[in-house]
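Visitor: Okay, here's what each chain looks like letter by letter:
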Amino acid sequence: MHKEILIVGLNHRTAPVEVREKVAFDASLLGGDLKRLLSLPSVKEGVILSTCNRVEVIAASSDLPATSQEVKDFLMEQEPAAGHGGLDDHLYTYSGDMAVRHIFRVAASLDSMVVGEPQILGQIKDYYLAAQEAGAVGTILHRLFHRAFSVAKRVRTETGIASRAVSVSSVAVELAKRIFDRLEDKTVMLIGAGKMGDLVARHLQRSGVSSLMVTNRTFERAVQLAAEFRGNPIRFEDYPRYLKLADLVVGCTGSPEMLLRPETVAEVIRERKQRAMFFIDIGDRRNFDPAINEINNVYLYNIDDLEAVAKENLRERTGEVQKAEEMVEEEVAGFLRWLASLEQVPTIVALRRKLEEIRRGELEKSLSTNLKGLSEKEREALEDMTSAMIGKILHAPITRLKKQPDDRDEALYIEALKRLFDLEEK
Amino acid sequence: MDIMLLKITAVFYLLGTGSFILYMVLPREFFSRLSPLLLLGGFLVHSSALGVHFFHSGYPAVTQFREALSFYSWAMVAVYLLVQLKYRLTVLGSFIAPLAFLMSLAAFAFGAGSKDLPAGLKTYWLPIHVTLAFLGNAVFALAFAVSLVYLLQEYQLKKKKLKILREHFPSLETLDRLNYVFLVWGFPLMTLGIITGSMWAAIQWGNYWSWEPRQISSTITWLFYGVLLHGRITGDWGGKKAAVLTIFGFVVVLSYFLWGDSIFPSRHAGRFE
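Heads up: the protein sequence lines correspond to chains A and C, in order.
As numbered in the numbering used here, the first sequence has no gaps in its residue numbers, which increase by one up to the final residue, 426.
As numbered in the numbering used here, the second sequence has no gaps in its residue numbers, which increase by one up to the final residue, 273.
Quick caveat, the hints were computed from the structure, so don't treat them as lab data.
Note that the Cβ used here is the ideal one computed from N, Cα and C, for glycine as well.
Only true hints are included.
Pair by pair, the computed Cβ-Cβ distance ranges are:
#1 A:K195 to C:V252: 47 to 55 Å
#2 A:D304 to C:L37: 43 to 51 Å
#3 A:A340 to C:V25: 37 to 45 Å
#4 C:V25 to A:P80: 55 to 63 Å
#5 C:W222 to A:L129: 58 to 66 Å
Some chain C residues well away from chain A (every beta-carbon gap over 10 Å; in silico):
#6 L5
#7 S47
#8 L81
#9 L82
#10 L102
#11 F187
#12 H230
#13 V251
#14 L254
#15 D261
Below, in silico cross-link-like pairs of lysine to any residue (SDA-like), each with a Cα-Cα straight-line distance of 25 Å or less:
#16 C:K86 to A:E184
#17 C:K241 to C:T221
#18 A:K273 to C:K158
#19 C:K158 to A:G160
#20 C:K158 to A:D185
#21 C:K158 to A:S167
#22 A:K125 to A:E329
#23 A:K177 to C:Y180
#24 A:K177 to C:L26
#25 C:K159 to A:G160
#26 C:K241 to A:R270
#27 A:K195 to A:N232
#28 A:K244 to A:G254
#29 A:K273 to C:L229
#30 A:K3 to A:K125
#31 C:K160 to A:R270
#32 C:K161 to A:P290
#33 C:K160 to A:A266
#34 A:K244 to C:S171
#35 A:K177 to C:L148
#36 A:K195 to A:E228
#37 A:K177 to A:A226
#38 C:K158 to A:E307
#39 A:K177 to C:L152
#40 C:K160 to A:I303
Please put together the full structure from these sequences, using the hints given.
Guide: Have a look at this one:
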């Protein structure tokens with residue numbers, strides 16, 4: 001049976017982006033690629049996964065060495081320019097429990113560049129569905145992927161790995177979300193052109209902020225930055241007047257003196273009718289007076305504060321990753337148990353035993369009650385007859401199972417038998 | 001019968017409280033589903049207890065202090081469940097559930113068995129006036145809970161003590177908006193409670209206003225919430241100020257409800273004639 005699971009691929013750790021790009025599969029041509037994958041002699045089931053950080057082929061087969069070679073060649077064809085063996089340094093191959101663990105970890109975002117990022121699960125689901133549509137998924141990969149999805153869900157809901165921001169700019173976004181309900185209708189004012197400020201502004205925009213004002217001592221630079229962000233440039237001498245429009249203010253100038261005094265901000269917050277403001281001071285020097293944080297409904301975080309939170313989150317996340325890895329281990333063990341139970345002979349034995357148990361039970365019940373008066377001979381005849389019935393009932397399914405021409409369906413039939421007759425391993 | 005049901009109710013509220021506390025410590029999906037369900041279970045038993053009382057006696061169980069306590073906790077849980085349905089703010093339940101449990105428990109501790117109801121109370125004004133007044137106060141209890149969460153969240157953000165910052169707390173903006181929503185709902189209910197009360201008083205006692213301690217205290221509370229709401233709508237009373245005032249207002253209301261009648265004896269406190 002094709003119970004060997006194999007993964008061949010490359011990811012952000014083993015291959016640079018130039019290589020990943022070349023090997024990547026084109027989503028619009030995926031159907032054809034899956035057909036080619038399935039036409040490889042030893043591959044019985046297959047899924048192709050291709051994101052910007054990884055390209056992997058997950059296959060189920062009965063012949064591990066042959067499949068490994070075929071799938072490698074299959075991936076090499078993606079990048080013929082590299083020549084034969086050109087990708088060898090970048091490719092990894094996992095089989096058995098390693099392969100199961102790998103796909104579970106990928107789905108749970110434990111193998112991602114940014115651990116805990118949520119997109120990967122959706123991507124895997126899409127590629128799995130594409131493979132299913134192309135008829136490339138059978139009993140084994142079906143089970144494998146569904147277990148992977150459920151591990152990922154468990155990890156997401158039962159650990160905190162997805163919810164911890166570990167960079168200064170993502171901490172800023174996380175804090176903004178604690179203050180504001182949604183960022184889509186908020187306005188950011190970026191003061192200065194420092195690198196960190198730029199980063200935070202970008203992160204805020206990615207998180208939904210649509211309106212952005214940019215100001216800088218040299219107006220040309222403000223115009224230039226505003227163009228990059230598709231925001232509005234504001235002259236430096238004018239920005240205090242616009243302050244009341246800003247929900248988030250990012251300060252990142254190299255100015256040696258404080259830009260904003262508490263009195264100014266207190267006035268602005270009154271004009272805003274106490275709608276909250278979030279000041280992020282991220283320049284090399286202090287841009288905003290720390291006393292600003294004392295004003296009601298105004299929150300000021302400087303780079304040290306943000307870094308402290310990031311560090312704390314990182315520390316906590318390490319613990320969460322550990323928890324997630326343990327969950328993965330549990331699920332890997334569970335899947336391997338299921339895989340091991342997919343054997344023809346034990347299943348047939350279990351089926352026989354089950355029917356025999358039923359036969360015995362019913363026979364004894366009848367013989368001790370309403371058939372009590374039967375003679376020894378009659379009892380024997382009854383015994384023979386019921387045994388023959390069981391034999392006849394089992395004959396066709398067992399013959400069919402043993403003569404299964406297509407190896408791929410074997411697992412399906414075994415799984416069906418186990419479920420229909422409730423043959424779970426004890 | 002209804003006492004037995006009230007005991008079951010208290011058990012449900014206690015289990016709900018436990019589940020909500022667990023939810024605060026371990027924000028698992030499981031507890032966020034279980035906790036409101038436990039309160040719902042308690043609410044249904046509680047409702048049937050009130051129903052049984054009404055069926056047997058022909059008047060609602062609000063005429064004694066302990067009954068009023070119990071009725072208040074019922075109204076509070078009712079409003080919370082509605083809010084939960086619309087806003088899914090499980091965290092609010094962590095404040096409402098213990099309050100409901102303590103009140104339903106206190107309802108056993110106070111007062112003796114039921115007395116004969118004075119004739120003056122055997123009228124439809126009783127359920128109408130009392131229900132409106134208690135619903136208004138129940139909505140204020142919710143406003144109190146959001147404001148508490150607001151201050152907790154605000155404190156942590158200000159002090160940058162993010163380690164204890166709970167991820168499942170709603171944002172300050174949401175909490176502030178809810179404070180407003182609850183004031184907007186609570187204030188008219190309270191107003192109606194006062195209006196129906198004085199109309200009933202006019203019929204029963206012959207005048208709208210008789211300098212009853214409860215009349216005076218309600219009017220002061222009404223003015224307080226009115227000013228707060230007005231400050232929110234026209235001025236800059238949003239955010240922290242609104243939260244602090246809401247908490248203050250509710251603590252005063254609750255204290256008066258618990259102890260006011262024994263300090264200022266009134267016709268609302270069982271001296272009906």
